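2 protein chains.
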Amino acid sequence: MDQTKKIAVIGGGSWATAIVKMLCENLDTVYWYMRSDYAIEHIKRNDHNPNYLSSVEFKVDQLHLSSDINEIISLADLCIFAVPSAFVYKELENLTVSLKDKIIFSAIKGIVPETGLIVGEHFHEHYDIEFENIGVLTGPCHAEEVALERLSYLTIACADEVKAKFLAERIESDYIKCKISDDIIGTEYAAMLKNIYAIAAGIAHGLGYGDNFQSVLMSNAIREMKRFIKKVHKMKRNINDSAYLGDLLVTGYSGFSRNRLFGNMLGKGYTVRSAQMEMSMVAEGYYATKSAFKINEEKGAKTPILDAVYSILYDNKNPKKVFKKLADKLD
Amino acid sequence: MDQTKKIAVIGGGSWATAIVKMLCENLDTVYWYMRSDYAIEHIKRNDHNPNYLSSVEFKVDQLHLSSDINEIISLADLCIFAVPSAFVYKELENLTVSLKDKIIFSAIKGIVPETGLIVGEHFHEHYDIEFENIGVLTGPCHAEEVALERLSYLTIACADEVKAKFLAERIESDYIKCKISDDIIGTEYAAMLKNIYAIAAGIAHGLGYGDNFQSVLMSNAIREMKRFIKKVHKMKRNINDSAYLGDLLVTGYSGFSRNRLFGNMLGKGYTVRSAQMEMSMVAEGYYATKSAFKINEEKGAKTPILDAVYSILYDNKNPKKVFKKLADKLD
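Going down the list, the protein sequences come from chains A and B.
Take the first sequence: its position 161, counted from the start at 1, is 1255 in the numbering used here, and no numbers get skipped.
Take the second sequence: its position 62, counted from the start at 1, is 1156 in the numbering used here, and no numbers get skipped.
Excised from the complex, chain A in its bound form (with noise of 0.2 Å):
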């Protein structure tokens, strides 16, 4: 494999930045799109992104930065996408140039809301791009503790192992292990799983649960993990490999995650929609809930634990009363 192929990175958040000043330790140019020029202007003079992960000082001569996403992409070989879910759909309808000789490798956790496919899946059905040239990266990883530089494990999963460790070598540094993976379908669907899996710790904090349940929803969540992903995609793996429970860890006992907080709120009394107003935002899981409950109404999997956050998200139930239910389906 060309080992001068060029990394862009897609998308202008918090783990976009974190995934930039990885590869900034490795890369003497990474590509980089944002949709906000004042984001880019901002970096350009300061050395920071004004909006996420602002403690990361960037040189600003290994970036290479565009709000044009056409730019970005025909000047890179490898396209590493870590824009929300929910725009991933919209950023895509304005490209003009081709993905199809282009490697694209997936930093989104979560569905694209409007196809209900996990982003592979969406690149492989509508951009016609092969397997072999699809890859995840996936944690457990908060972008925050990449900014301090705290010890964090990759996983880069790819069908072909030779683009996975390619991503993998320029990821690594004093701060990154990676581990390789061939799991794309298994390690997405975990990090699409475990945003749903926060939203219910965060219903149960909500609620008044305490550590004792916490750790058996935790424990009973990657016993339906590991169910739900099988059913989709049936392979051998290792379902408490960091890419699987670790991320669900990371995440349900996190006071950084999103969709814990969104979980919270409801547990809290919040309705569906003023938490999401409160939050000025939709937690990836959110979308994630609909999709993966629609999967296994095909699929059939046993998850009382998806089905619980379904019913309150979706049905308007009162997440006291279906918590009561769940507790009693736990073990």
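Since the hints were derived computationally from the structure, they do not count as laboratory data.
It should be emphasised that the depicted structure is a prediction, and the values quoted were computed from it without experimental measurement.
A few of these clues could be false.
If several chains are the same, the list does not tell them apart, and a pair holds so long as it fits within one copy or across any two.
[What the hints assert, rightly or not] Below are the DSS-like pairs computed for lysine-lysine, each with C-alpha atoms no more than 27 Å apart in a straight line:
(1) K1259 / K1184
(2) K1411 / K1194
(3) K1362 / K1184
(4) K1328 / K1099
(5) K1384 / K1324
(6) K1324 / K1273
(7) K1396 / K1273
(8) K1153 / K1330
We have chain A already, so just place chain B on it with the hints.
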């Protein structure tokens, strides 16, 4: 099975106090041994244990209290031991009555330091009690949350399912759910190993590692626990059940855990001795680490986390250096 069997709790600490509270929801009389005559008098006069979970109010006419262990054991058919593992050997030396026809449940999360055995094995080998009369009562469960009547899930393990069910029915209440298991060896080793991993979590925190690392550590810990327990006692078990993974999480992520606190102090630079003096107690995991390490010298499971903690506690190795090496072995 005779449904009128009498139940005794041996121990005066927070976990013993929580168990007595749970039993008082269902029984007319609970037999309760504790060493301290002062505490007994205090409970009789003021309806609560002066030293532990003092918010829990007892109805004194439900309690048969005594500081004479022989009196309590001779009156009971089923004895739940809930003293710290460091004291169980000495407490048992005071016995003059026979344990031969008793059903013994261990709620002790650790190893008997004098014999290096888990408590069930200790009773089996040193008191000639058949395994079908030995059981384990395990979490995930902080006693403090039982005091608050927060929903908690216990696992009651016994080779004889009838006895496990008998106890489960007397423990269950509005806020306690019980699961039955036949894995008395595995659940007890899990309860002991989790304290070692809680020390590891504490050391990592003390050294400045963040949440990303912590989730990877726990994800590796559950895989290590599975390997260890499989070597010691091979049977079909789901390591992600609450009694194993849940118990690991509630301790590893806990602010209550004394083992985690102990580890945290080591990570911050305290010596083992000074951390123990500062805490004015020895954390269960301190003994567990030595015993587990010795057992594993024979069994040969891959246990990098256990080995790291052992080298810090017993070989006086530098936590920072040890964890730097450990980090390379995790994934």
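Hints, one by one, checked against the model:
1. K1259 / K1184: neither (30 Å within a copy, 57 Å between copies)
2. K1411 / K1194: Classified as neither: same-chain Cα gap 44 Å, cross-chain 54 Å, threshold 27 Å.
3. K1362 / K1184: Intra 33 Å, inter 49 Å, cutoff 27 Å: neither.
4. K1328 / K1099: For K1328 and K1099, neither the intra-copy (33 Å) nor the inter-copy (49 Å) Cα distance is at most 27 Å.
5. K1384 / K1324: within (19 Å within a copy, 39 Å between copies)
6. K1324 / K1273: both (21 Å within a copy, 25 Å between copies)
7. K1396 / K1273: between (30 Å within a copy, 19 Å between copies)
8. K1153 / K1330: Neither: 42 Å inside a copy, 55 Å across copies.
Hints 1, 2, 3, 4 and 8 from the list above are not met by this structure, while the remaining hints are.
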